[in-house]
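Trainee: Listed below, chain by chain, are the residues.
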Amino acid sequence: MWAFIHKMGSPPWFFRFATAVIRWLLPIVLLALLAGSLWGLLYAPPDFRQGNSYRIIFIHVPSAVVALAGYYVMASAGLVSLVWKIKMADTAMRAVAPIGAALTFVALVTGAIWGKPTWGAWWVWDARITSMLILFFLYLGVMALFEAYDNKAAAAKACAVLSLVGTVNIPIIYKSVDWWYSLHQPASIKFSGETAIDASMLYPLLLMIAAFYGLFALLVLLNMRSELLATHRQSAWLRTELG
Amino acid sequence: MHPIRKQRLTIALLVVLLSSAAVGLVGYALRGNINLFYPPADIVAGKAPMDRPIRVGGMVVEGSIVRSGQDLTTHFDVTDYDGTVRVSYTGILPDLFAEGEGVVASGRLSADGSFSATEVLAKHDENYMPPEVAEALEGKGPDNRPYGKGGKS
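If you're matching them up, the sequences are chains U and A in order. Under this note's numbering, the first residue of the first sequence carries the number 170, and numbering increases by one thereafter. Under this note's numbering, the first residue of the second sequence carries the number 14, and numbering increases by one thereafter.
Honestly, the hints are just simulated from the structure, not real lab data. From the three backbone atoms N, C-alpha and C, an ideal C-beta is built for every residue, glycine too. Incorrect hints may have been included.
[Claimed, not checked] Some chain U residues close to chain A (C-beta under 8 Å, calculated; not the full set):
#1 Val252
#2 Trp253
#3 Ala365
[As the list claims (entries may be wrong)] Here chain A is said to cover these stretches of chain U; the calculated rule only asks that three of the stretch's residues, wherever they fall, bring their Cβ under 8 Å from a Cβ of chain A:
#4 217–230
#5 281–288
[Claimed, not checked] Over the 12 Å line for every Cβ pair with chain A, so calculated as not near, a few chain U residues:
#6 Lys176
#7 Met177
#8 Pro181
#9 Thr188
#10 Ile191
#11 Arg192
#12 Leu203
#13 Ala204
#14 Ala213
#15 Val293
#16 Leu333
#17 Pro355
#18 Asn392
#19 Gln403
#20 Glu410
Chain U extracted, bound-state conformation (with noise of 0.2 Å):
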């Protein structure tokens, strides 16, 4: 296991191993999401009350889930960065929060498709949409400022504190239609108890979760190995590895 590890900070050894899970990564990222969008767009029955409006479910909840669980992927890098000085933890972090931003751009613009019909307006200041467009300038944030400096390590200190500092409202948007008020409406998918989704909506819901999450590692993997391209592009070890 720490074996493992240490070999994730070396550049050569992480070239090699992403290279190889893209291989048998992207087929199958692929194939999931052609039939989880198959099966929810087509096959899973209407919804009683909104008709075929809710199908958008597919996209949102699946990208908006994403979004939160990669923040949380971008500040353990951080944390990583900011103790251990591993390059390798930057690069991740750098990777990971472009693809953030595009999932979190997802869910805020795939809601207001779907709130304009459903609730009759757009945009709403609800707790929930709020705090998931703070996510979305985190996101930005960390990528404006790694672009701020000069210096890469002063860079990824920067980036490291302030993706810690954001993690505090990765659990404000996820309970903020339970503490508040709020138009959004609370989950459907629940951990315990009855779950208040239909198991034939459900399950082509949860395969398009997992596909995305597939989606993320495959794009932060190949993002990674691009700059680890551009970065060791003198390196022998890079010349020897693509022949």
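Since the structure of chain U is already known, use the hints to place chain A on it.
Mentor: Just chain A now, kept in the frame of chain U:
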């Protein structure tokens, strides 16, 4: 663990802890403003301000919707089962607005305790099911569902 790393780890965890505490206190102090709406019970108890626009949220009481014959004005009662507020609204209601369903109305309180809304939003609940399942549940009686009545409005 190396003492310097241990120190850095402690500082990082303290940063997370203290910033969480700060945000938590701010959220606690502003909790009244973070709530999107007042429940009818608070309005009945006189806790809602009269002088500025507010929102009220709850369930539309079954059988309370009265539509005007002349214009788009609608009257309905909103309840949280502890209190009830009469709401009047002129305009187009959202598609999912129905008796027994959630609603959030923004507007002003009148001196007589009624609420004149300038905007009415439907609050959707977390229940998703196919129409056949909803009908089957409906057949068993109105009390089998967690919230309200499925809308054939």
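Trainee: Hint by hint, say whether it matches the structure.
Mentor: Structure-based check of each hint:
| no. | hint | verdict |
| --- | --- | --- |
| 1 | Val252 | holds, 5 Å |
| 2 | Trp253 | holds, 6 Å |
| 3 | Ala365 | holds, 4 Å |
| 4 | 217–230 | holds (count 5) |
| 5 | 281–288 | holds (count 3) |
| 6 | Lys176 | holds, 19 Å |
| 7 | Met177 | holds, 17 Å |
| 8 | Pro181 | holds, 24 Å |
| 9 | Thr188 | holds, 31 Å |
| 10 | Ile191 | holds, 31 Å |
| 11 | Arg192 | holds, 35 Å |
| 12 | Leu203 | holds, 23 Å |
| 13 | Ala204 | holds, 20 Å |
| 14 | Ala213 | violated, 8 Å |
| 15 | Val293 | violated, 7 Å |
| 16 | Leu333 | violated, 5 Å |
| 17 | Pro355 | violated, 5 Å |
| 18 | Asn392 | holds, 24 Å |
| 19 | Gln403 | holds, 30 Å |
| 20 | Glu410 | holds, 31 Å |
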